[in-house]
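Protein chains in written order, with the working numbering: chain A, 1 to 315; chain B, 1 to 503; chain C, 1 to 180.
If you are wondering where the hints come from, they were derived from the structure by calculation, not from laboratory data.
Be aware that a few hints might be false.
To be verified - Restricting the straight-line Cα-Cα distance to at most 35 Å, the calculated cross-link-like pairs of lysine-lysine (DSBU-like) are: (1) Lys386(B) <-> Lys133(C); (2) Lys473(B) <-> Lys487(B); (3) Lys27(C) <-> Lys437(B); (4) Lys432(B) <-> Lys63(C); (5) Lys101(C) <-> Lys425(B); (6) Lys485(B) <-> Lys496(B); (7) Lys203(A) <-> Lys356(B); (8) Lys432(B) <-> Lys203(A); (9) Lys425(B) <-> Lys263(A); (10) Lys101(C) <-> Lys430(B); (11) Lys437(B) <-> Lys468(B); (12) Lys164(C) <-> Lys356(B); (13) Lys263(A) <-> Lys45(B); (14) Lys392(B) <-> Lys164(C); (15) Lys425(B) <-> Lys111(C); (16) Lys63(C) <-> Lys30(B); (17) Lys437(B) <-> Lys101(C); (18) Lys468(B) <-> Lys480(B); (19) Lys263(A) <-> Lys310(A); (20) Lys101(C) <-> Lys467(B); (21) Lys111(C) <-> Lys392(B); (22) Lys242(B) <-> Lys432(B); (23) Lys45(B) <-> Lys101(C); (24) Lys45(B) <-> Lys63(C).
This structure is a prediction, so every number in the text was calculated from the model and none was measured.
Here's the letter readout for the chains.
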Amino acid sequence: MHSTGLNTNQIMRQVIYALILGVSASYVFFGWGIIVQILLGVVSALLVESVIVTMRGRNAFDSLSDGSAVLTAILLAVSIPAIAPWWVVVVGVAFAIIFGKQLYGGLGNNPFNPAMLGYAFLLISYPLQMTTWPVDFLSASQAIDVIFNTVSFDGLSGATRLDEVKTSLSLGSELSTLQIHSTSQAWINAGFLFGGVYLLIRKVIFWQVPVALLSGLIIMALLISAFDSQQHLPVQNHLMLGGTMLAAFFIATDPVSASTTPKGKLVYGFLIGVLIVIIRVYGGYPDGVAFAVLLMNMTVPLIDYYTQPKAFGRS
Amino acid sequence: MAKFIFKGGVHIPNPYPVEKPEIKQVPPPKQAVLLLQQRVGGEAKPCVEIGEHVLTGQIIAQTTGNFPTNVHASISGIISAIEKRPIPHPSGINAMCIVIDSDGKDEWVKIEKCDKEFLNCSAQEIVQKIREAGIVGMGGAGFPTHAKIDNAQGAHTLIINATECEPGIMCDDSLIQEYPREIIRGIEVLMHACGAKKVIVAIEDDKQEAFNSLLMYSFNDRISVEQIPTKYTSGAEKLLIKALLGIEIPSGAYASDHGILCQNVGTVKAIYDAVIDNRPLISRVVTVTGSGVRKPRNYEARLGTSFASVVECSEPNENQHQIRMGGMMMGVDIPNAQYSICKITNCIFVNNEEPKPVVKECIRCSSCVSVCPANLLPQQLYWHAKSENIEKALEYNLMDCIECGCCNYVCPSNIPLSEYFSFAKALDRKLKREEQKTDQSRERFEFREYRLERNKKERAEMMAAKKKALKEKMAKDKDKDQSQKDKIAAAMARVKKTKEDNA
Amino acid sequence: MMESVVIFSILTLVLGLVLGYAALRFKVKGNPLVDQIDAILPQTQCGQCNFPGCRPYAEALAKGEAQINQCPPGGQEGVDALAELLDLEVLELNAEHGETKPDHVVYVDEKLCIGCTLCIQACPVDAFVGSSKVMTTVIARECTGCDLCIPVCPVDCIYVRELKPTLGTYVPDLQGIPHG
Numbered sequence: 001m002h003s004t005g006l007n008t009n010q011i012m013r014q015v016i017y018a019l020i021l022g023v024s025a026s027y028v029f030f031g032w033g034i035i036v037q038i039l040l041g042v043v044s045a046l047l048v049e050s051v052i053v054t055m056r057g058r059n060a061f062d063s064l065s066d067g068s069a070v071l072t073a074i075l076l077a078v079s080i081p082a083i084a085p086w087w088v089v090v091v092g093v094a095f096a097i098i099f100g101k102q103l104y105g106g107l108g109n110n111p112f113n114p115a116m117l118g119y120a121f122l123l124i125s126y127p128l129q130m131t132t133w134p135v136d137f138l139s140a141s142q143a144i145d146v147i148f149n150t151v152s153f154d155g156l157s158g159a160t161r162l163d164e165v166k167t168s169l170s171l172g173s174e175l176s177t178l179q180i181h182s183t184s185q186a187w188i189n190a191g192f193l194f195g196g197v198y199l200l201i202r203k204v205i206f207w208q209v210p211v212a213l214l215s216g217l218i219i220m221a222l223l224i225s226a227f228d229s230q231q232h233l234p235v236q237n238h239l240m241l242g243g244t245m246l247a248a249f250f251i252a253t254d255p256v257s258a259s260t261t262p263k264g265k266l267v268y269g270f271l272i273g274v275l276i277v278i279i280r281v282y283g284g285y286p287d288g289v290a291f292a293v294l295l296m297n298m299t300v301p302l303i304d305y306y307t308q309p310k311a312f313g314r315s
Numbered sequence: 001m002a003k004f005i006f007k008g009g010v011h012i013p014n015p016y017p018v019e020k021p022e023i024k025q026v027p028p029p030k031q032a033v034l035l036l037q038q039r040v041g042g043e044a045k046p047c048v049e050i051g052e053h054v055l056t057g058q059i060i061a062q063t064t065g066n067f068p069t070n071v072h073a074s075i076s077g078i079i080s081a082i083e084k085r086p087i088p089h090p091s092g093i094n095a096m097c098i099v100i101d102s103d104g105k106d107e108w109v110k111i112e113k114c115d116k117e118f119l120n121c122s123a124q125e126i127v128q129k130i131r132e133a134g135i136v137g138m139g140g141a142g143f144p145t146h147a148k149i150d151n152a153q154g155a156h157t158l159i160i161n162a163t164e165c166e167p168g169i170m171c172d173d174s175l176i177q178e179y180p181r182e183i184i185r186g187i188e189v190l191m192h193a194c195g196a197k198k199v200i201v202a203i204e205d206d207k208q209e210a211f212n213s214l215l216m217y218s219f220n221d222r223i224s225v226e227q228i229p230t231k232y233t234s235g236a237e238k239l240l241i242k243a244l245l246g247i248e249i250p251s252g253a254y255a256s257d258h259g260i261l262c263q264n265v266g267t268v269k270a271i272y273d274a275v276i277d278n279r280p281l282i283s284r285v286v287t288v289t290g291s292g293v294r295k296p297r298n299y300e301a302r303l304g305t306s307f308a309s310v311v312e313c314s315e316p317n318e319n320q321h322q323i324r325m326g327g328m329m330m331g332v333d334i335p336n337a338q339y340s341i342c343k344i345t346n347c348i349f350v351n352n353e354e355p356k357p358v359v360k361e362c363i364r365c366s367s368c369v370s371v372c373p374a375n376l377l378p379q380q381l382y383w384h385a386k387s388e389n390i391e392k393a394l395e396y397n398l399m400d401c402i403e404c405g406c407c408n409y410v411c412p413s414n415i416p417l418s419e420y421f422s423f424a425k426a427l428d429r430k431l432k433r434e435e436q437k438t439d440q441s442r443e444r445f446e447f448r449e450y451r452l453e454r455n456k457k458e459r460a461e462m463m464a465a466k467k468k469a470l471k472e473k474m475a476k477d478k479d480k481d482q483s484q485k486d487k488i489a490a491a492m493a494r495v496k497k498t499k500e501d502n503a
Numbered sequence: 001m002m003e004s005v006v007i008f009s010i011l012t013l014v015l016g017l018v019l020g021y022a023a024l025r026f027k028v029k030g031n032p033l034v035d036q037i038d039a040i041l042p043q044t045q046c047g048q049c050n051f052p053g054c055r056p057y058a059e060a061l062a063k064g065e066a067q068i069n070q071c072p073p074g075g076q077e078g079v080d081a082l083a084e085l086l087d088l089e090v091l092e093l094n095a096e097h098g099e100t101k102p103d104h105v106v107y108v109d110e111k112l113c114i115g116c117t118l119c120i121q122a123c124p125v126d127a128f129v130g131s132s133k134v135m136t137t138v139i140a141r142e143c144t145g146c147d148l149c150i151p152v153c154p155v156d157c158i159y160v161r162e163l164k165p166t167l168g169t170y171v172p173d174l175q176g177i178p179h180g
């Protein structure tokens with residue numbers, strides 16, 4: 001007898017559907033770039049996964065049908081700049097699937113979040129391509145031109161708001177003089193937030209990680225800005241800029257690499273939120289989501305060990 | 001209402017509900033195959049021979065130990081075989097059975113009416129009667145009832161488990177509705193046997209009619225009937241005790257150590273039959289249900305009746321069937337209906353054969369953690385059981401797993417988790433057995449080496465002592481020899497002198 | 001330049017001392033190696049490894065004077081366990097020493113026994129009960145299945161009985177459980 005709840009394939013599909021809102025928001029502001037990146041990513045994911053799985057002597061169709069490779073590709077494609085050259089997403093997805101998933105034995109066996117592993121690899125290897133973001137709407141032809149011919153459209157690319165603020169602050173500007181709000185980023189984050197709430201309602205993800213992550217982020221941001229509100233972003237901007245909502249509901253909630261005990265999930269999420277703010281403020285990169293998640297992935301076995309629930313009859 | 005609602009467990013609606021659970025009597029079968037072994041333990045020894053004619057209720061296998069229980073003939077007829085037959089167990093192992101061919105008369109052995117009111121019997125006498133009647137836990141566990149009551153002498157609370165939490169089973173529900181008076185009486189007998197001062201009858205809140213029948217017939221103010229929220233595994237003994245009394249029995253301990261005795265309501269009815277009517281355990285109520293039968297119903301059938309004949313009464317459809325003995329969560333899949341009803345068969349599920357769901361990899365989603373009623377981490381147990389790392393699995397409290405199957409029920413990858421846990425427990429038992437055996441062999445070998453050494457040494461000492469004694473004797477003999485020679489020489493000298501004197 | 005050399009040399013010295021101290025102070029008192037090896041061996045005491053018992057074989061292994069694949073009753077699992085313990089390469093069970101037989105005990109056909117006591121003398125764990133000119137029998141619980149008694153019996157009255165799984169000893173097959 002089995003519950004009528006979602007099975008593994010359906011879970012992956014639901015997460016993909018929930019991403020639609022955020023992706024649409026990105027399209028509204030920045031055009032077709034993100035769609036092209038997603039398509040590129042999905043195709044390369046399917047190719048790479050089928051090759052590797054066949055090399056491992058298993059059935060490629062079974063492995064692809066659970067949708068986890070597609071999900072990894074979409075998450076990575078959504079995290080990178082929409083105008084990055086085509087080979088960036090292809091290399092990133094290949095790295096994520098091979099080194100982040102198949103090397104460890106396939107679905108369910110990887111200690112690190114594959115999408116974030118791919119993102120970190122790309123960020124370190126191709127810093128220029130990974131920090132050049134679109135600033136305006138791109139039509140389909142423009143997007144394809146930029147992505148495939150690496151023609152640079154001056155005036156159509158630049159840094160993210162977080163990046164600009166960080167650079168300006170380090171150069172000595174005052175916070176009150178800077179434009180810290182970004183409408184596009186706020187809408188995109190809102191899109192992912194609503195998608196995430198949908199996943200919570202459908203019980204695809206557990207509440208512990210998103211709630212803990214956002215709490216950690218809010219508390220740390222409040223602490224830091226309490227010390228020097230002139231030099232540090234207020235908390236609402238931390239929530240609505242960068243990959244905060246994507247991280248909270250889609251990336252940190254990846255069940256395979258997250259903590260498995262209920263209390264452990266709270267600790268895990270909270271520390272990711274704290275780390276995101278720390279890396280953003282004191283670290284060398286404008287957004288700290290990828291590294292925060294990867295660092296906490298490393299500590300999951302330790303967290304799991306110390307947050308075991310007390311078995312019945314052993315209190 | 002219950003004080004404690006345990007975390008975990010699953011809500012499963014009854015998949016095949018019936019209007020009113022009734023019990024239909026199944027006529028005695030033409031052949032009864034009676035199992036001699038109940039739980040894991042020894043077998044009862046047959047006390048009849050092939051060809052002997054037995055009467056219904058006559059004892060046909062006896063036991064001296066505490067674990068196996070007496071077996072009685074459930075029909076009258078001739079013993080046609082005492083041999084190994086297949087039993088509904090996942091191992092497919094055959095076990096010893098006694099086969100009786102019916103003579104069609106169903107003649108009962110002479111029943112001596114008890115002339116003493118049960119309240120005037122001592123607790124020991126009642127336990128003895130229960131023992132002789134061969135009663136075991138009728139909820140499916142099959143633990144010998146007399147042993148359980150013996151261990152719980154001096155208990156303060158008796159709990160009657162009428163929860164029937166496994167979805168689809170309704171035999172206890174119907175039993176309570178049809179025999180409420182007998183059940184209350186049986187409870188009073190049990191109370192007297194264990195010395196309990198208070199009785200709580202626990203029943204799930206979806207069985208309103210059964211609850212009302214019990215209330216109607218219970219005039220003893222030491223017996224209270226309580227409703228608990230309907231949730232699967234609410235009927236697990238330790239969880240039930242915590243729900244009703246707030247006491248958490250520690251892992252590895254028994255409820256009887258804490259003065260609590262828990263019995264299934266079907267067992268109570270069997271106790272009534274045995275003590276008040278002097279009838280041994282020869283029949284039980286079995287639920288037949290599933291998508292493969294048109295009329296899910298309860299049947300009172302003699303032990304040893306084949307599954308097939310009982311399932312027939314529920315009008316099975318023409319599809320291929322998948323049969324399961326026990327409930328949908330904790331039952332045992334069996335390949336066909338050629339088995340017979342034994343004391344612990346509470347349900348037969350007959351489902352249309354469906355393709356088995358595809359098993360995928362574990363995605364560590366922790367749904368299993370959120371439903372485990374014992375607060376375990378089924379995921380960790382799964383990883384360690386799969387890699388046969390039993391030591392680690394024991395550290396994660398493998399032994400507290402009640403194998404309820406809640407984790408299987410919710411796993412999105414359809415992994416049969418509780419099968420891994422049964423395997424891990426069996427492997428642990430095997431490793432402990434082997435360790436004990438090797439320690440014993442090593443000891444015996446080392447003792448043998450020591451013994452042979454000791455024998456050699458003793459022999460050497462004995463030889464040395466003998467040699468010494470022989471040497472001394474020889475030396476003594478030598479002296480004797482010399483004195484002998486001297487005497488001869490002296491005598492000869494005397495003879496010579498005499499001769500010379502005479503010449 | 002000199003400074004970094006000096007600093008690193010001092011660091012190495014200090015850390016080396018700390019590690020050395022820790023190695024002595026926190027040394028885990030484990031079993032001597034021979035006991036650990038003996039714990040893995042099946043204690044059948046059959047001598048198929050060419051040593052007069054399991055303990056002599058364990059001692060030889062500890063000294064490195066024997067191969068890990070000489071024990072048929074331990075089976076391939078035993079060889080694997082020894083390889084892991086001694087950090088050696090896993091070898092295949094050496095068929096020259098015999099083949100792994102299924103779990104079994106021996107029993108005596110008492111009608112044929114002549115009371116010669118040769119089996120009693122041969123058994124390494126004293127699993128026989130008997131005496132000269134008196135019928136002999138096997139204590140099944142103590143028998144390790146080493147089969148040393150079978151060739152010495154002059155009337156060939158000792159037979160093998162395989163141990164079949166019972167309800168109490170049954171272990172489900174791990175590979176039989178459906179997996180992804």
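The hints, checked one at a time:
1. Our distance criterion of 35 Å between C-alpha atoms is broken by Lys386(B) and Lys133(C), whose separation comes to about 54 Å.
2. Among the hinted pairs, Lys473(B) with Lys487(B) is consistent with the structure: their alpha-carbon atoms are about 21 Å apart, no more than 35 Å.
3. A hinted pair counts as satisfied when its Cα atoms are at most 35 Å apart, and Lys27(C) with Lys437(B) qualifies at roughly 32 Å.
4. A threshold of 35 Å between alpha carbons decides the hint, and for Lys432(B) with Lys63(C) the separation of about 29 Å falls inside it, so the pair holds.
5. For the hint linking Lys101(C) to Lys425(B), the alpha-carbon distance of about 25 Å falls within 35 Å, and the restraint holds.
6. At roughly 16 Å between alpha-carbon atoms, Lys485(B) and Lys496(B) fall within 35 Å of each other, so this suggested pair holds.
7. Under the criterion of a C-alpha separation no larger than 35 Å, the hint pairing Lys203(A) with Lys356(B) is consistent with the structure, at around 25 Å.
8. For the suggested pair Lys432(B) and Lys203(A), the alpha carbons sit about 42 Å apart, so the restraint of at most 35 Å is broken.
9. Between Lys425(B) and Lys263(A), the direct Cα distance comes to roughly 28 Å. Compliance with the 35 Å bound is thereby established for this hinted pair.
10. A hinted pair counts as satisfied when its Cα atoms are at most 35 Å apart, and Lys101(C) with Lys430(B) qualifies at roughly 18 Å.
11. Using a Cα cut-off of 35 Å, the hinted pair Lys437(B) and Lys468(B) is violated, with the two alpha carbons roughly 46 Å apart.
12. A distance of roughly 31 Å separates the Cα atoms of Lys164(C) and Lys356(B); the hinted pair therefore holds under the 35 Å criterion.
13. Distance hint between Lys263(A) and Lys45(B) is unfulfilled; the C-alpha atoms sit about 54 Å from each other, more than 35 Å.
14. A distance of roughly 29 Å separates the Cα atoms of Lys392(B) and Lys164(C); the hinted pair therefore holds under the 35 Å criterion.
15. This hinted pair does not check out: Lys425(B) and Lys111(C) have alpha carbons roughly 42 Å apart, beyond 35 Å.
16. For the given pair, Lys63(C) sits about 70 Å from Lys30(B) by alpha-carbon distance, which is inconsistent with the 35 Å threshold.
17. Simply put, Lys437(B) and Lys101(C) have alpha-carbon atoms about 17 Å apart, close enough for the 35 Å limit, and the pair holds.
18. Only pairs whose Cα atoms come within 35 Å are accepted, and Lys468(B) paired with Lys480(B) is accepted, the gap being roughly 18 Å.
19. Between Lys263(A) and Lys310(A) the CA atoms are separated by roughly 11 Å; this keeps the pair inside 35 Å, and the hint holds.
20. As the CA atoms of Lys101(C) and Lys467(B) are separated by approximately 50 Å, the hinted pair breaks the 35 Å bound.
21. Between the alpha carbons of Lys111(C) and Lys392(B) the distance comes to roughly 51 Å, so the proposed pair goes past 35 Å and is violated.
22. At roughly 32 Å between alpha-carbon atoms, Lys242(B) and Lys432(B) fall within 35 Å of each other, so this suggested pair holds.
23. The suggested pairing of Lys45(B) with Lys101(C) holds, with an alpha-carbon distance near 32 Å, which does not exceed 35 Å.
24. As the CA atoms of Lys45(B) and Lys63(C) are separated by approximately 53 Å, the hinted pair breaks the 35 Å bound.
Of the numbered hints listed earlier, those contradicted by the structure are 1, 8, 11, 13, 15, 16, 20, 21, 24.
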